Amino acid sequence: MSSLLAVVVLLLLAPVAQADTLLYVDRLAVVDGTGRQVGTAWPSAEGRPDYMYVEFRVGSTPVIVLVGPDRFEPNALRFSDPGCTGQALLTAPWGEGSTPFTAVAGPRSTVYVQSGPVRERTARSTLSSTGVCRDSAPLRSDMAPLRAVTDLADHFVPPFTLQERARTPVPRGEW
Amino acid sequence: MTSPRHSVAVILALVGLLLAAPAASAQALFYVDGLEVYDSTGKQVGTRSNWRLDEEMEVVFRTGAGHMLFVGFSASSFFGNVGALYFSERDCRGLPFIARSYTGRPPTWVGGQRQTVYVQAGAFSQQRITSYRSGGTVGDCRNFGETSSEVALAARAGVDLADYFTPPFALRATPGEPIPTGAAEPLARTDGLVRVDSTGKKLAALAADVVVTDSGITLPLSFLPHYFSTVDCTGTPFVEVRPNRPHLLLGAVTLVGPRQTVYRQTSATRGQTMYSYWAASGECKRLRFFHGGGHEVGFRSTFAPTASIGIDFADYFTGPFTWRAGRGIRKLPSSD
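Here the protein sequences come in this chain order: A and B.
Numbering follows our numbering, with no gaps: position 148 of the first sequence is 148.
For any residue, its number in our numbering is found by taking its place in the second sequence, counting from 1, and adding 1000.
For the record, the hints were derived by calculation from the structure and aren't laboratory data.
Mixed in with the good hints there might be a few duds.
Computed footprint of chain B on chain A; a stretch qualifies when at least three of its residues, placed anywhere within it, have a C-beta under 8 angstroms from a C-beta of chain B [stated by the list, open to error]:
1. 24-34
2. 61-68
3. 155-167
Just so you know, these numbers come straight off a predicted model, no measurement behind them.
Think of the CB as a built atom: it goes at the ideal place given N, C-alpha and C, for glycine as much as any other residue.
Kindly produce the complete structure, drawing on both the sequences and the hints.
The structure is reproduced here in structure tokens:
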């Protein structure tokens, strides 16, 4: 009797394979909890389940931001002074990038954009990607200075989801 | 009879034409308005949903029931963004489960001869699984020791992609305006992320990072380094490509010499050894690898030969190349 019940439960739970239609997608976007579109890029991320990229611009500088279901993914930043104060810095061991460096950090998801050339600079504290500030002995390495541009928390409210618009059916035609 | 003055005029006109013409390119280059995937019947296959031109190329569909399907493709078949469909019982029986995708997308599994699609149908939780079916057209079922894994109940999306599309699949570019050999033009108002050269001249949009020749060859702008099977950088340039890499739907491309001459892959990749390459300093350098026994060997990998297609990239663009955001990208909101 119990095995019969189990089979019935399995059958009820089992997904029903009903024929469905297929539609082309015209637009794919990441939207926030209020339905506002976040950036304009195609979402894409590698090896980070539930994370996607969105893109903005500051002038003509691309700002690519990794966004998860409930937050903008922060980067680790260094600072010229103890206590995560002074000039914000980003480690750049391979020199200048193909675009100016950008980063997101802090509890309000502050966006930073490169403000000067990569050269050997000194950092005395580090803000980790988990938001913890730690002072350190002076660290000299190739770094880019950053300037804060805006706080994303002022503009977007989690959760972030994918939204698509699809209207055109794909015609059938077997291989 | 032709007068001496007329002959001089003709010669001057010819000289003018030669000076005005591109230095060496035998073909013209065109910008690309779109780059989409088509099946063998000429039907568009989905909408490209990332900017990759390699093995991560992906299209997106929506089903009538509202499921978003993110599907990768090779020349011959589709594949999902998860590698396996798991089952609660041995021999791929019982309840089907799906793992999180590795691409940040809702998970989609595609497998079997009919290219059947499964999607997530429940929340992720720890479940007991004992077998799995791999994706692809073969879709083998394999048992493994009972284990617990974080997966979600899966359901058939009600769509077999074989009902809609016929392989082989190919990328097809829609040619746009000819690329001038002169100076940069301002970006259009609708431009998004674009690749530009050191003068600010546009090469291509990130969404379709290719250019097209007047003979219809689509050139990916992700140029590969090249090597030689000789020790002195002479002979055919070869590019290192992995077998079955779908970006070869377009053919691998490399730039050779000071004029940045475009060389394109001419045949399939195979295992062979390379012995020299041009360093960034402009010197020909030996590829030196040493076998365990101490004797010198070359660089052994899978390579494909290339040949010139009659275009010097230096006629059109000046490196290095960077990315610029056009006004088609949303301006970052200001906190002021």
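Index of numbered hints that the structure contradicts, given in increasing order: Checked against the structure, no hint fails, so every one of them is satisfied.
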